[in-house]
Every structure is written in structure tokens, then in C-alpha cells.
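Visitor: Below, each chain spelled out in residue letters.
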Amino acid sequence: MYAENIAISLDLINRHYQEPNRNRYESRYFWEELYTLIAASGFSTIEIPYEPVWQFGGRSGVPFNRYCVNTKYGDATNYRALLAASGISQVSGVTFDPNLFMRNANLDFYFGATGHFAKEAVGHAADLGARYFAISPSPFHGRVAQYHPDIENDLESFTARTVTLLTDLATTAAERGVDLVLRNEYWSLFRGERILALADMLPETVKLDIDTANLFIAGIPAEAFIEAQIGRIGCVHLTDTDFVDTQSVWKSANPEFPSERATQVFRDPGTGSVDLTGIMTLLDKLDYRGAVTCSARQTRDPFRALLRTRILLNQLHK
Amino acid sequence: MSNIRYANMCHWKAIPYRKIDNFREFYYEDKTNSAYYSDWDNILKYQSALGFEGIEIAPWDLADIVPLFGSPRNFAEFAKDRGVQVIGMFHGAHASHAADHFDEAVRAGREAVDTIVQFGGTYMNTCPTQNYYGTGPLSREEVQQCAKVMNEIGLYATDHGVKIGLHNEFFCAINLPNHRELIESTDPKLVHYCIDTAQIAILGEDLLKFYDDYHDRISTFHLKDTASANQPDAVRYAQDPEIADDGTRWFWEPGQGELDLQGLYRLLKQHAFQGWISIEYDGSPDLLASMAMTRYFLDKELRPIYD
Numbered sequence: 007m008y009a010e011n012i013a014i015s016l017d018l019i020n021r022h023y024q025e026p027n028r029n030r031y032e033s034r035y036f037w038e039e040l041y042t043l044i045a046a047s048g049f050s051t052i053e054i055p056y057e058p059v060w061q062f063g064g065r066s067g068v069p070f071n072r073y074c075v076n077t078k079y080g081d082a083t084n085y086r087a088l089l090a091a092s093g094i095s096q097v098s099g100v101t102f103d104p105n106l107f108m109r110n111a112n113l114d115f116y117f118g119a120t121g122h123f124a125k126e127a128v129g130h131a132a133d134l135g136a137r138y139f140a141i142s143p144s145p146f147h148g149r150v151a152q153y154h155p156d157i158e159n160d161l162e163s164f165t166a167r168t169v170t171l172l173t174d175l176a177t178t179a180a181e182r183g184v185d186l187v188l189r190n191e192y193w194s195l196f197r198g199e200r201i202l203a204l205a206d207m208l209p210e211t212v213k214l215d216i217d218t219a220n221l222f223i224a225g226i227p228a229e230a231f232i233e234a235q236i237g238r239i240g241c242v243h244l245t246d247t248d249f250v251d252t253q254s255v256w257k258s259a260n261p262e263f264p265s266e267r268a269t270q271v272f273r274d275p276g277t278g279s280v281d282l283t284g285i286m287t288l289l290d291k292l293d294y295r296g297a298v299t300c301s302a303r304q305t306r307d308p309f310r311a312l313l314r315t316r317i318l319l320n321q322l323h324k
Numbered sequence: 013m014s015n016i017r018y019a020n021m022c023h024w025k026a027i028p029y030r031k032i033d034n035f036r037e038f039y040y041e042d043k044t045n046s047a048y049y050s051d052w053d054n055i056l057k058y059q060s061a062l063g064f065e066g067i068e069i070a071p072w073d074l075a076d077i078v079p080l081f082g083s084p085r086n087f088a089e090f091a092k093d094r095g096v097q098v099i100g101m102f103h104g105a106h107a108s109h110a111a112d113h114f115d116e117a118v119r120a121g122r123e124a125v126d127t128i129v130q131f132g133g134t135y136m137n138t139c140p141t142q143n144y145y146g147t148g149p150l151s152r153e154e155v156q157q158c159a160k161v162m163n164e165i166g167l168y169a170t171d172h173g174v175k176i177g178l179h180n181e182f183f184c185a186i187n188l189p190n191h192r193e194l195i196e197s198t199d200p201k202l203v204h205y206c207i208d209t210a211q212i213a214i215l216g217e218d219l220l221k222f223y224d225d226y227h228d229r230i231s232t233f234h235l236k237d238t239a240s241a242n243q244p245d246a247v248r249y250a251q252d253p254e255i256a257d258d259g260t261r262w263f264w265e266p267g268q269g270e271l272d273l274q275g276l277y278r279l280l281k282q283h284a285f286q287g288w289i290s291i292e293y294d295g296s297p298d299l300l301a302s303m304a305m306t307r308y309f310l311d312k313e314l315r316p317i318y319d
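Listed in order, the protein sequences are those of chains A and B. According to our numbering, the residues represented by the first sequence are 7 to 324, in order. According to our numbering, the residues represented by the second sequence are 13 to 319, in order.
Since the hints were derived computationally from the structure, they do not count as laboratory data.
With a straight-line Cα cutoff of 25 Å, these simulated SDA-like cross-link-like pairs (lysine to any residue) come out:
(1) Lys57/B x Tyr308/B
(2) Lys57/B x Glu25/A
(3) Lys257/A x Asp76/B
(4) Lys25/B x Arg21/A
(5) Lys125/A x Tyr73/A
(6) Lys221/B x His283/B
(7) Lys25/B x Pro26/A
(8) Lys257/A x Tyr153/A
(9) Lys291/A x Gly237/A
(10) Lys201/B x Asp224/B
(11) Lys257/A x Ile157/A
(12) Lys160/B x His106/B
(13) Lys57/B x Asn27/A
(14) Lys78/A x Gly259/B
(15) Lys43/B x Leu313/A
(16) Lys160/B x Gly63/A
(17) Lys57/B x Phe90/B
(18) Lys92/B x Met13/B
(19) Lys43/B x Pro26/A
(20) Lys31/B x Glu89/B
(21) Lys25/B x Glu39/A
(22) Lys31/B x Arg109/A
(23) Lys25/B x Arg28/A
Short, incomplete list of chain A residues facing chain B, as computed with Cβ under 8 Å:
(24) His22
(25) Tyr23
(26) Asn27
(27) Ser66
(28) Thr269
Every residue gets a Cβ at the ideal spot worked out from N, C-alpha and C, and that includes glycine.
Model the full structure from these sequences, guided by the hints.
Guide: Written out as C-alpha cells, the structure reads:
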């Protein structure tokens, strides 16, 4: 595996939570300088979250959906040219999280809006030349439970509608030449090994996205999981953590922020307790040829995180 | 008792914790100032310590606040325990100019009023419709349709103890050519006005003349400064102008721009304004510093004129 093929996710920029200087993240100038800094830290490939929220209210400076890209650059081709001129030769993947649409008791709204925007996002991913489209198959369990207190009893019907949505999305993704992969998050209705049952109900073109920190938090040994599922893995996210969920934080409304004991759940790659070196060695041994993306989600300092991640990758390839 | 009470319009992005009990431990995880901006307990204490007794929330806060606290009432009580009351919520009356959107616009407005009541608030500052780009220019009929929606929401709000105040952004489809027409087309008993001092100056209104002309309609203020008054149509009618590509700020803390805020306070005194003024810090890189900077300016420059 070559380090230059490993992507960095733009989720290292904290768009949604308060911190000093956060306002700059909403302006175009910030991102256009960021691309050059990413390239300077040795990455030529990026992953982009798809966030419909920036389409609403005129905040199109954040380049995280088709509307924003078209508003600022005209189309995806021009945006890719800007990336290339900044040293970013490829968008490896696009991620999608449906939490925005779990905001009331109307499941028709949730599935309708998620389906609509996810399909738009797949098209955008294809326009960006992305290899994969990684979707979180459910919102936070706790957010679902906030509006649907009987969700555990209604899980069968929720799953059936999710399968319908993802099957339709898989068709669109296949038509556009993008691999649809399922994110495996500890807060999901399909957390841990439940993701396997969901994947079994979907077309074979749908693959798994391994997220190393999420497995660690859920108490699932990553090496064994990867070995068992290597044939259906379409993407690996190298994420790090020190957190293990021993208090059912996965059930809470905002599980990335454990309410009983504040902690930074996701640590910069290489600074937590996940054996990322061992996992990369295993992937090499298994001759894994799929996408690998580093994520410094929740970092306190994105520029330090870029360099910390580069230190990790340099160690891997000594 | 002061004639003016001060609040903050909530421009905090999502605050993930109610209260951090392990503050020192959390700090030591990465030794940055993230811990200082991560719980409502401290955010509200900062406000309270700086003399801002009210908070006006935004509808986009609800998706985080409600699950975090369980209900609007719980949030209001939590804030009250720290010396801050929820005075109201902003509302965007999307597409209220469109006749075929009347029922939806009124329904959304009434729901927002219901939410404010749950928070214990009494103000709903309302942007009359969406951005100019892609919508304007509005016809006379569309302006009247907007007024009809505002009157309808205003009636419901008044019946529920809430004052709606028109709040115009400089990039709204209601813009300089029809700004006053809309105000004068609404029922003064039901529909009030929230002066956003910077927005209307950028729009092209003379702040002091506007307040003088409409002082009997004013329910509250969004107080902020600007160094960019009287922007041309090309800016106001552009696509997504609020966040500038190059980081240019439209809005500044009171005293950091060019508005005659001392003149405004002399008029407030002349018209014996009584009520809440919300300070807005949109565009600030450091809301806590902006809050402290504003408190100093209020105490040294504005409150001596009229308090």
C-alpha cells in the first residue's frame, strides 16, 4: 500500500461545534488555502463530507454539497481543476450522514429527504471522480429515540425502509461507477456486527466501510473483523480513539460527546490507542487494494492533525 | 429598574454538553481551549457575568438543544438558574410572498410561536421572506402577500403573548424598494419591528431617520455595528452574499464600525424606549471576546446616554 494513495478526510475541519475562529470555516478563502496546506503535508487525495445543511441559508462557502460547489465554481469540473491546481489530484470519496433529517416524528420526511439528498450526493461524488460513497445507514440511535421512543420495537420496519433506500441508492451508485459502502458507527441502529445483517439484505455491490476507532469503541477487535470480512470491505477509515463505551453512550442523543464524562472521542490518528500500524500491516498481508482514508474528526487543531497524521503514515512506511 | 435590558442573539454553534463535571480532566486531554466553549453551563455563565440577562435563540439551535435538554422548558430553567432568560427566537418566514405558500408559511410561523412559548419567550423576530437572489424583485402583490402572512402570524403570536418583529436582512427579497411598504402594509397592533442596526444600514436606510420614523413600531433591537453601509444592488442582490468569499465582515461589535450608535441612544432617550436589546456578534471569531468588548462599550459610551 502506498502512502500517497491514502486520503485525508476534510472532516478534520470542525464545521458544527463552537470554538474560537470557527467562523472562518464558512468562507471560501479558508478552504482554498486549506487545499494547499493539505498538499504541503503530503496528501494529494481527499475525502469530502456531503452536508446539505450548507445549501440552506446562503452559506455556500463550505464546499460540501453540489449547490455550494456550483455556486462558487460553476460546476464540479471547475472545482476539480481548482483542487488540482492546489495539489489535490483526486477526491477519493464522499461521505453522507442522515442525522440532519431526523428532526421530528415523521419518518416519511426522514426517508424522503435522506433518499433525495443521498442520491444527489452520489451524483456529486461521481462528478468529482470519487471512488466511493460512504453512507451512515442510520442517524444516531439516541436521536432516533428522541423522536421515535419505540424504535427498538419498530426496528424491523425501519430496517425494511432503510434497505429499500439503500438498494435504490446502490443502483444509482453502480450506474455512476461509484462504490457504495456502509459506515459502521458505534452509535448506529446498525452498530457493531449488526451492520453485517444489513449488508446481507443489500445487493452484493454494497460493501463495508471499516472505521477502526468505531470498532474499538464498540469493543470489537478490528483485526478479527477485518480478516473475517475482507472480501466485502470497500473502504477503510483509519481513525483513532482512547474511548471505550462502557456506559451505553451509544444510546445517547449526541454520542460523540459522552454526557457523563466529557472527552474527545476521536483523537488525531496516531495519538490514541488503536493499533493503526497493526491494522495497516494486516491490510497489506490480506492484499487489500481498496480505499484507505485517514480521519482526524474532532481534532482540536486541524493543521497539527495533518502533520500528526503524516507522522503516523511516515512511520508505517519506514 | 433600567429602561433597557440586554440580551445576546445566540450565534454559538452547537454546544455539545449541558455541564462538564470533569472540566480539568477534559482540558488536560489536549490542553486547548475547547473545554471553555463546550458546555452551556459556562456559556450562560459568561453571559451572566457580563451582564447579558437574556438570550435569543435561533431555530437552527433546536436540533441540538432539544435532545440535549429534553425539552425547551428544561433549557429555559437551566438558563434561568444561571441568571439568563430566553427572550425569544428568530424565525425565517420562507416564501411568505408566494400566495400558494400561505398556509405553510402561517403554519410554520404558528409552530415557531408555540416553540417560543415553551421556552418562556415573548419575542419572535422574523425575516419576512427568503433571499433576494432567485426571488426578487417582488411585485406589489407579493409584498402584500408577505404582509398578509405577517398579520396572520402576528395575530396568533399576540394571542399567545408573543410580539413578532419584522427583521430585515440586507440580502432579503424584501429590500430597499419595498422595505417600508411592507412595514406600512402590516397591522401595527399585531406586527412590530426589530431594528437590526447594521442590516438596515447596509440595506440603505439611514439608521437614525428610520428609528425616528418608526419608533412606535419598534419592539426590540439587534444591535451591531457595520463599516459597510449603503451597499449597492449588485452586492445586496447577489447570490449568498452574507458570508463573503474573502472573509470580509459586514458586521462588527458596537463601536468597531461606523454607525452613530450614540445618536441612536439619544433618540432612544427621546422616545423613551423600554425593552430588550439583543447584541449580535455574527461574523466574530471570538464570541466571548466580542461580548466583553461590547459590555465595555455599552457601559462607557451608550448607557451614560440612556439606560
